[in-house]
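S.K.: Fit chains Z, B and R to the given chain C structure using the hints.
There are 4 protein chains.
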Amino acid sequence: MTDVRVGMVGYKFMGKAHSHAYRDVPMFFPEQPRPIMKMICGRNEKNVQKAAHQFGWEASCTDWRDLVNSPEIDLVDINAPSDAHKEIALAAARAGKHVFCEKPLALTLDDSREILQAVEQAGVKHMIGFNYRFAPAVQLAKKLVEEGRLGDIHHFRAWFLQDWLVDPDFPLTWRLQKEVAGSGSHGDLGAHLIDLAHFLVGDLDEVIGMSETFVKERPVPKEMTGLSAQASADSPKEKVTVDDATLFMARFKNGALGSFEATRYAAGHRCTNSFEINGSKGSVKFDFERMNELQVYFTDDAGDVQGFRRVLATDPDHAYAEAWWPPGHTIGYEHTFIHEVVELMTAFQEDRQPVPNFHDGVKCQQVLEAVDLSIEERRWIKPEDL
Amino acid sequence: MTDVRVGMVGYKFMGKAHSHAYRDVPMFFPEQPRPIMKMICGRNEKNVQKAAHQFGWEASCTDWRDLVNSPEIDLVDINAPSDAHKEIALAAARAGKHVFCEKPLALTLDDSREILQAVEQAGVKHMIGFNYRFAPAVQLAKKLVEEGRLGDIHHFRAWFLQDWLVDPDFPLTWRLQKEVAGSGSHGDLGAHLIDLAHFLVGDLDEVIGMSETFVKERPVPKEMTGLSAQASADSPKEKVTVDDATLFMARFKNGALGSFEATRYAAGHRCTNSFEINGSKGSVKFDFERMNELQVYFTDDAGDVQGFRRVLATDPDHAYAEAWWPPGHTIGYEHTFIHEVVELMTAFQEDRQPVPNFHDGVKCQQVLEAVDLSIEERRWIKPEDL
Amino acid sequence: MTDVRVGMVGYKFMGKAHSHAYRDVPMFFPEQPRPIMKMICGRNEKNVQKAAHQFGWEASCTDWRDLVNSPEIDLVDINAPSDAHKEIALAAARAGKHVFCEKPLALTLDDSREILQAVEQAGVKHMIGFNYRFAPAVQLAKKLVEEGRLGDIHHFRAWFLQDWLVDPDFPLTWRLQKEVAGSGSHGDLGAHLIDLAHFLVGDLDEVIGMSETFVKERPVPKEMTGLSAQASADSPKEKVTVDDATLFMARFKNGALGSFEATRYAAGHRCTNSFEINGSKGSVKFDFERMNELQVYFTDDAGDVQGFRRVLATDPDHAYAEAWWPPGHTIGYEHTFIHEVVELMTAFQEDRQPVPNFHDGVKCQQVLEAVDLSIEERRWIKPEDL
Amino acid sequence: MTDVRVGMVGYKFMGKAHSHAYRDVPMFFPEQPRPIMKMICGRNEKNVQKAAHQFGWEASCTDWRDLVNSPEIDLVDINAPSDAHKEIALAAARAGKHVFCEKPLALTLDDSREILQAVEQAGVKHMIGFNYRFAPAVQLAKKLVEEGRLGDIHHFRAWFLQDWLVDPDFPLTWRLQKEVAGSGSHGDLGAHLIDLAHFLVGDLDEVIGMSETFVKERPVPKEMTGLSAQASADSPKEKVTVDDATLFMARFKNGALGSFEATRYAAGHRCTNSFEINGSKGSVKFDFERMNELQVYFTDDAGDVQGFRRVLATDPDHAYAEAWWPPGHTIGYEHTFIHEVVELMTAFQEDRQPVPNFHDGVKCQQVLEAVDLSIEERRWIKPEDL
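Chains as they are written, first to last, in our numbering: chain C, 1 to 386; chain Z, 1001 to 1386; chain B, 2001 to 2386; chain R, 3001 to 3386.
Where hints are given, some of them may not hold.
What the hints assert, rightly or not - The calculated label-pair distances, taken between Cβ atoms and stated as ranges, are:
hint, chain 1, residue 1, chain 2, residue 2, range
1, Z, S1232, R, D3167, 42 to 48 Å
2, R, K3046, C, D66, 41 to 47 Å
3, B, K2216, Z, E1147, 38 to 44 Å
4, C, E58, R, E3045, 27 to 33 Å
5, B, R2352, Z, D1167, 34 to 40 Å
6, R, D3169, C, G123, 51 to 57 Å
7, Z, E1147, B, D2385, 58 to 64 Å
8, B, V2355, Z, P1236, 46 to 52 Å
9, Z, S1232, C, K382, 40 to 46 Å
10, Z, T1346, B, R2065, 38 to 44 Å
11, Z, R1094, C, D169, 56 to 62 Å
12, Z, T1346, B, D2063, 34 to 40 Å
13, R, K3046, C, P81, 45 to 51 Å
14, R, D3203, B, D2385, 31 to 37 Å
Rather than coming from a laboratory, the hints here were simulated on the basis of the structure. Positions of the beta carbon are idealized from the N, C-alpha and C atoms, including for glycine.
With the rest of the complex left out, here is chain C:
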């Protein structure tokens, strides 16, 4: 078992989350290969040096090519803005590096497929950052579905509700610009719901969606840092080019009905990434704002004590939980990334592809674009036709 030397491109929100995961894995999951934090890359030299020091990277650089081509790097972690994913991923594959890429894999389905093809040809490992799979409560949902304890699945409904755009004066950050972000709430939030649907229920047969941009123009910020940005009262306004909210319905290949909603306009919801599954033998409900809990219902409970159980997924029976604290001592958002890296390191240990990987990234992108097309053409679309 050898260490895995990591080079990471990006140092903002996701860069911080990934860095912390690399730091924590050896302490809490010492049986896996250790990620070695070799090099971090960012365009602003001063900032990336500061990040390297703060996050614990051995070195930093400003040109990702240096990192990708360094013989000291085994794994390239890409969490730069979405429009940069493709070029870096292709170069990393060409250089024979394993690749861990934040979602979305790329801005388009075609680009995603090109990246997948590249890593497959290169024969490297590839992982995509659908971190929400790695909440122990979500893992429990997966286990219950897989073991047949929910029976046949009839319904999947999921909604990712945030509220940071409710204020019409919130500035026009890069996440609201199509050319950088690729998509708005659909690609940012909806993508996670789609991945959870794939993970928990299976493939979608057909979809139809609708979307809206409620606030058409927003003030241009003077400066941006990660998610935050500042605009002044007299800032000029420019057009918002992504969706504020996207909803879609779906039919799964197994016959289940699906309902999806992603929005940044749900006042009061800071990060309600929530789903519910109803099966012939039971149901589960999840809400990321209470990420340690899974609500579980079984139809065969005794007649006088049927009801959703609030399961705190912190017991030894729950995925990843024993590495942490005693039962009832909860974990947080960042732990989804730590568990994600555990999966990645375990894949190295077992010499297999990690899951989710670029196949999942492509499949997600396929649904995202199918929904976009269904909105454009106002008709049902089969993702696999794309």
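M.R.: Leaving out everything else, chains Z, B and R in the frame of chain C:
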């Protein structure tokens, strides 16, 4: 202020609920005209006599024509099975009676319109039984919307989840037969969601839906009583002709996005009639299983104490609440009917049409059929085009 | 099976609740003897006549002796202010009437015992109004304890939290005057907790308490109606002579530990009558503000799905539930009284004492006074020593 | 601003939590002095070396004296079993080291005072590990109290409920042995409640308690590791010498009433560290199993929208929150330790005593012993009399 003499057709689930409402109104809302429980009608003479005695009706009959044409009746209450609504309502209107009809108004939009036309021509009062409007918590939601305290509405999502069909051996009751019930979960449960959407947010511009019948055949019951029925192991099976679940998306005329789901296959949900509204200044959430509560969020709360408030709608400031018990002493399902009859009696007192009335019934039917058509033709449909 | 002719003394809050129960029992529980609402008594002639009309009583009177001695009355229902209970109950027993008395049975333990002795000597039925026992969710808790499904009981903790006295300008109603009410939160709210403890866990071996009157003086109201009262800004203030809050700890005879708290100063709690029981095999939690729900936990649930279940006590398996509406359609505060009267009528039918009866009333009073004595003498007191 | 070189004694549950805190502080709170993880000490050489490697300490030792006397150590962190605290703390003070000690400060009040005297004489910084203060939601409760937004405090009720002893075959770990642990649920869990009471409401004037050991004997384990232990079916049983549960009531010096309960027998509660405060202007509720949330109620909210708000303490307005993730992205148990170390490092930066420190440890011990004495002598005790 004179009493209102009621004749009621139907004596099962809804008949019981309405009867109790008539009994309770004079005690808790003594300022309104009194409904006088004159006559109840049902096809089975012995059963309807028993019901008359048990519920407190002065007399009973087995032919609704007797009731409709009786000079002792001012108001005809129709809660017989859905396929009987039209004939009775038309006859009542012709006889110059006021009409209170359970939802659905009729099995088709055309029939609904015919009924509306009849009561308008007759110049009688007409009310439709969308009882969920009358939960004080729902009234509070309405008040917050109307007073602008939620701002512009961006999202309305609603789901009515039940689970009494999860068992595939549950018998084929009349509610699963299209020719009697008209519709399945869509018309039974979805209709309530549509009415709440109209009540709380406004008219729908266009819709698109999907539906499914998960269990295609069910055992034929030997006997049926209201909602319940018994089938034995060797009962023959026949085809279920209504939908088990129907979902649809909608765009409101005011630009809000809507998401609707009605199902009888959501294990663990006995009666989750739930909605959420997100506006530019706040949000509300409602779940009928906790019908005394409204979750309320305001964007202008102080920055360190923002969060959904669990408002118990039992304070003097809440609709209908003062007639009942001290704050914190909750009410139940049946109270929605009591409040509904209060509205009806108040309309008599003020000599105006009660709300909701047959206009609302027609509008609801319009959306129901628009969704059906959108499912059949797999395309977006404008309700007002029907 | 013959009808039971009721005469009721009192027509305010409890009088209304009892009246409604008598009205509803024959409709929803038609198998029991029917309570006939013969006569209602109150001191103000005009008001009691109005109440008689509104609530549905055949006649009214202003001297309870007329009612107690009427040959047309089988059962005397006493819900007049607490200081009047004793005299009426004794007279009713002497007259050979069955007695249904609101809690508290009397202002003192001695008086309570005298009343019990009187009804026992008279050989009449007697019931006391601990209505909270009759919530179906509480009945479920009882069933789980009795069937051993919670194992040996280790803990009982209960709190009855209200907030109507938080405002220091709330007037000095009769409930704040010791000579009328006998006690404050302790006797009003704590009494219910004590009865639930007796009902669910068993007898108390010893207790020790503490209490406080936070606001020492309050404005004297000009008029009082039931629970409400009005005082003006220039109203003179007088001393509050009852406790605002009383807490106590207890050891049950079966070894369980108990914790009790009653207060009218818990801002945000309108009517949080709540308890939790922890046993060696499971736990239950109840909160009256969500009275249809019981939270239930079992230690032998599978290791990965352990958690409190939210049981909605509206299924056919739950006490009284089938008489009402389909599963998931909740009931309210008033239903506890309806079920209470069902128990009373069933006792007539089966010719037995109803439960809870004056034995329970005496036992509750014993604990109330033991707690009072423990506060006065600052030491542990055994209720059975009183 | 210079680094702080830490030597830590202990490497089990608390050792892991502290180590992780030292690792994370420089990354998420880079403005504070950096804790340098110099040396870790444990009795088992192999295990402590493993821990040093896993947790990231530069060196390890097996004799705490080496660590205490090392010139390379500025701060001694003591999280060895409770019976070892005193000797190490005294030695550290004598050596002029700053001391960070896990709770309890010592096994007795006398010992605690001796330790406090020692650090004061030595003029070193001292901190005690009441980590629950550092949940942002608890900090918010503190802020609301301090700013007067809850008004005068009437009630504080707190309970720390766990269930790991419900199984009578759970082995006799060191935490169940008085000579090592000093106390059972009282000192382990109750101590946290007492500290929160001091932190949030103020000093206690008098207390009275009760306690119980439900399972008198338990199997002796063959091996113990941190919190866990294994015993076989044929293990001999020995006496449990600590309390399984301790309850007490208290009167605060400011007139508020307090209720406290600590137990390890509350089936279904993994780690319910919960409190509620009721004041004249509002209330707050906290439950550690949902540690990111504070329920907040204000009496001056508009009459129709009063209710407890579920505040997710992850907004920029909340303590420590900005260092982490965007709003709605929750944190976990371990973060309480990270924030605790932030306070410790900030105290170095500002050259002041950290809070809570040994004064708080002594005050907590005073209450613990007052409660013990009140149980023994069955009477009210004033902590300050001890």
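S.K.: With reference to the structure, classify each hint as holding or not holding.
M.R.: Here is what the structure says about each hint:
1. Z:S1232 - R:D3167: 42 to 48 Å: holds (45 Å)
2. R:K3046 - C:D66: 41 to 47 Å: This hint holds: roughly 42 Å between Cβ atoms.
3. B:K2216 - Z:E1147: 38 to 44 Å: Given a distance of about 40 Å, which is inside 38 to 44 Å, the answer is holds.
4. C:E58 - R:E3045: 27 to 33 Å: Roughly 30 Å apart at Cβ, these two residues keep to the hinted range, so it holds.
5. B:R2352 - Z:D1167: 34 to 40 Å: holds (39 Å)
6. R:D3169 - C:G123: 51 to 57 Å: holds (53 Å)
7. Z:E1147 - B:D2385: 58 to 64 Å: holds (60 Å)
8. B:V2355 - Z:P1236: 46 to 52 Å: holds (48 Å)
9. Z:S1232 - C:K382: 40 to 46 Å: Given about 43 Å between the Cβ atoms, the range holds.
10. Z:T1346 - B:R2065: 38 to 44 Å: holds (41 Å)
11. Z:R1094 - C:D169: 56 to 62 Å: holds (60 Å)
12. Z:T1346 - B:D2063: 34 to 40 Å: holds (38 Å)
13. R:K3046 - C:P81: 45 to 51 Å: With a Cβ separation near 48 Å, K3046 of chain R and P81 of chain C satisfy 45 to 51 Å, so the hint holds.
14. R:D3203 - B:D2385: 31 to 37 Å: With a Cβ separation near 35 Å, D3203 of chain R and D2385 of chain B satisfy 31 to 37 Å, so the hint holds.
When the structure is compared with the earlier hints, no violation turns up for any of them.
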